[in-house]
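Visitor: Whole structure, please, built from the sequences with the hints as guidance.
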Amino acid sequence: MKEHSKEARQVALGVLNRVVYRGAYADVALSNALARSELPAADRSLVTELVYGSLRRLNTIDYQLELFLKRPLLHLPPVIRNILRLGAYQLLFMHVPPHAAVDESVKLAKIYGHKGTASLVNAVLRKVADSGCLILEADPVKRLALESSVPEWLVRLWSDYLGFEETRRLCLASSERPPVTIRTNTLKTTRAQLKADMGNDGILAFECELAPEGLVLEGAGDPAGTRWFREGLYYVQDEAAMLVSRVLCPEGGETVFDLCAGPGGKTTHLAALMGGLGRIVAFELHRERARMVEEACRRMGVGIVEIVDGDARREATAFGPVADKVLLDVPCSGMGVLRRRVDLKWRMSSDRFEGLVDVQRELMLAGAACLRPHGVMVYSTCTINPMENEGQVDWFLKNHPDFELDDVRHGFEALPESALSGKFLRLMPHIHGTDGFFAARMIKRG
1 MKEHSKEARQ
11 VALGVLNRVV
21 YRGAYADVAL
31 SNALARSELP
41 AADRSLVTEL
51 VYGSLRRLNT
61 IDYQLELFLK
71 RPLLHLPPVI
81 RNILRLGAYQ
91 LLFMHVPPHA
101 AVDESVKLAK
111 IYGHKGTASL
121 VNAVLRKVAD
131 SGCLILEADP
141 VKRLALESSV
151 PEWLVRLWSD
161 YLGFEETRRL
171 CLASSERPPV
181 TIRTNTLKTT
191 RAQLKADMGN
201 DGILAFECEL
211 APEGLVLEGA
221 GDPAGTRWFR
231 EGLYYVQDEA
241 AMLVSRVLCP
251 EGGETVFDLC
261 AGPGGKTTHL
271 AALMGGLGRI
281 VAFELHRERA
291 RMVEEACRRM
301 GVGIVEIVDG
311 DARREATAFG
321 PVADKVLLDV
331 PCSGMGVLRR
341 RVDLKWRMSS
351 DRFEGLVDVQ
361 RELMLAGAAC
371 LRPHGVMVYS
381 TCTINPMENE
391 GQVDWFLKNH
401 PDFELDDVRH
411 GFEALPESAL
421 SGKFLRLMPH
431 IHGTDGFFAA
441 RMIKRG
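For the sequence shown, this note's numbering assigns the number 446 to the last residue and increments by one with no breaks.
Do not rely on the hints blindly, as some may be mistaken.
Unchecked claim - No more than 27 Å apart at the CA atoms, straight line, and that leaves these computed lysine-lysine pairs for DSSO-like: (1) Lys70 to Lys110; (2) Lys70 to Lys142; (3) Lys6 to Lys110; (4) Lys115 to Lys70.
Claimed, not checked - Just the calculated beta-carbon pair ranges, DEER-fashion: (5) Lys107 to Val359: 43 to 53 Å; (6) Arg361 to Asp407: 21 to 31 Å; (7) Glu137 to Gly355: 23 to 33 Å; (8) His75 to Leu420: 46 to 56 Å; (9) Ile135 to Asp197: 40 to 50 Å; (10) Gly422 to Asp351: 25 to 35 Å.
The hints are simulated quantities; they were obtained by calculation from the structure and are not laboratory data.
The beta carbon of each residue, even a glycine, is placed where N, CA and C say it ideally should be.
Guide: Structure follows, in structure tokens:
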């Protein structure tokens with residue numbers, strides 16, 4: 001087991017190097033590395049924890065390391081930086097015994113560095129182990145950014161929007177490990193039956209509070225590795241994402257356009273809500289994500305989806321106003337999914353918003369063009385940014401008087417008041433335990 005743990009740390013270091021220095025996506029790089037390895041289940045879990053944990057807490061870890069370095073962390077060789085990060089994460093957040101975390105880190109430094117860097121790793125990590133997590137910043141915004149491992153600029157943006165105290169709760173929730181949630185494929189089974197079947201195999205499943213098809217799993221391991229997943233009985237999806245398709249409230253026999261369909265979670269949910277009857281045209285700009293939609297439909301037994309591999313801003317308008325309903329789950333900054341996309345917050349920057357806003361508006365125009373009179377369009381994001389949410393809906397309604405805002409509660413037996421912001425759906429990690437999501441429902445006048 002000791003040798004496997006050593007190999008596990010080497011695999012984790014390789015993944016972290018690819019994410020931090022080559023721009024790889026954490027989930028893809030990790031999945032590829034684990035597929036190539038022959039690690040046992042326990043060590044695969046260790047690799048996952050080391051990679052996701054180090055990235056989740058990156059700015060906090062770097063701050064701790066800088067306290068005990070005589071020169072800036074960025075002046076060290078790249079691989080040594082990540083060895084220090086992995087070691088510090090084990091000490092500060094995994095509570096691995098200091099002798100184990102330090103010794104294993106020193107061994108890595110000897111493999112990928114030299115005697116001098118190994119001595120540096122040893123000295124710095126021993127000081128981290130002795131001091132624990134120290135945050136010496138007096139400025140409340142800077143301190144919160146380090147306590148919650150959220151970029152400082154994002155703390156300031158959320159504080160302007162929500163106030164500091166609510167931002168504190170949001171930041172802390174955004175750095176927690178998310179639950180494993182699945183959406184029952186009601187074309188093949190029921191939530192009660194799936195829950196019972198999993199329970200018979202020792203997997204605890206609890207009903208989601210908001211999504212009627214949702215289950216929270218405990219003890220399932222990789223949720224995409226079970227026989228129920230392979231049989232298409234569920235889709236791995238956050239509870240908030242499950243609610244968006246219900247806001248659209250599609251019915252059997254309708255024609256529904258999904259303008260940003262990849263990777264297929266909402267597309268297959270729409271099909272299930274329609275009882276497998278009608279027509280869904282799913283547009284996806286990126287070919288790999290279009291293939292993911294196709295695979296999700298195949299696995300889940302969905303036969304009413306036509307996949308259009310291309311840019312919906314062009315392809316959807318070519319159909320003319322034929323859709324009864326349109327879903328616009330648009331590309332966004334992703335501020336609501338930071339607890340799942342642990343590397344995203346370090347790639348984000350405030351100067352990206354302007355370009356995203358333009359794309360979102362172009363997609364809204366395309367959605368409006370392919371919607372018939374009296375049709376319904378839902379605009380949704382997985383971000384917590386008024387510029388991309390309420391601001392976009394306000395812009396669209398001001399420039400399109402033939403549309404009016406509708407109540408998002410269509411399709412629900414009940415929604416808590418905390419999930420509503422006027423006529424909008426707004427879900428927050430610190431309030432609902434879900435990802436952060438926004439949705440608005442609009443009707444095209446006749």
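Visitor: Each hint should be assessed against the structure and marked as holding or not.
Guide: Hints, verified against the model:
{"no.": "1", "hint": "Lys70 to Lys110", "in the structure": "holds, 20 Å"}
{"no.": "2", "hint": "Lys70 to Lys142", "in the structure": "holds, 22 Å"}
{"no.": "3", "hint": "Lys6 to Lys110", "in the structure": "holds, 13 Å"}
{"no.": "4", "hint": "Lys115 to Lys70", "in the structure": "holds, 18 Å"}
{"no.": "5", "hint": "Lys107 to Val359: 43 to 53 Å", "in the structure": "holds, 47 Å"}
{"no.": "6", "hint": "Arg361 to Asp407: 21 to 31 Å", "in the structure": "holds, 24 Å"}
{"no.": "7", "hint": "Glu137 to Gly355: 23 to 33 Å", "in the structure": "holds, 32 Å"}
{"no.": "8", "hint": "His75 to Leu420: 46 to 56 Å", "in the structure": "holds, 50 Å"}
{"no.": "9", "hint": "Ile135 to Asp197: 40 to 50 Å", "in the structure": "holds, 46 Å"}
{"no.": "10", "hint": "Gly422 to Asp351: 25 to 35 Å", "in the structure": "holds, 29 Å"}
Taken one by one, the earlier hints all hold for this structure without exception.
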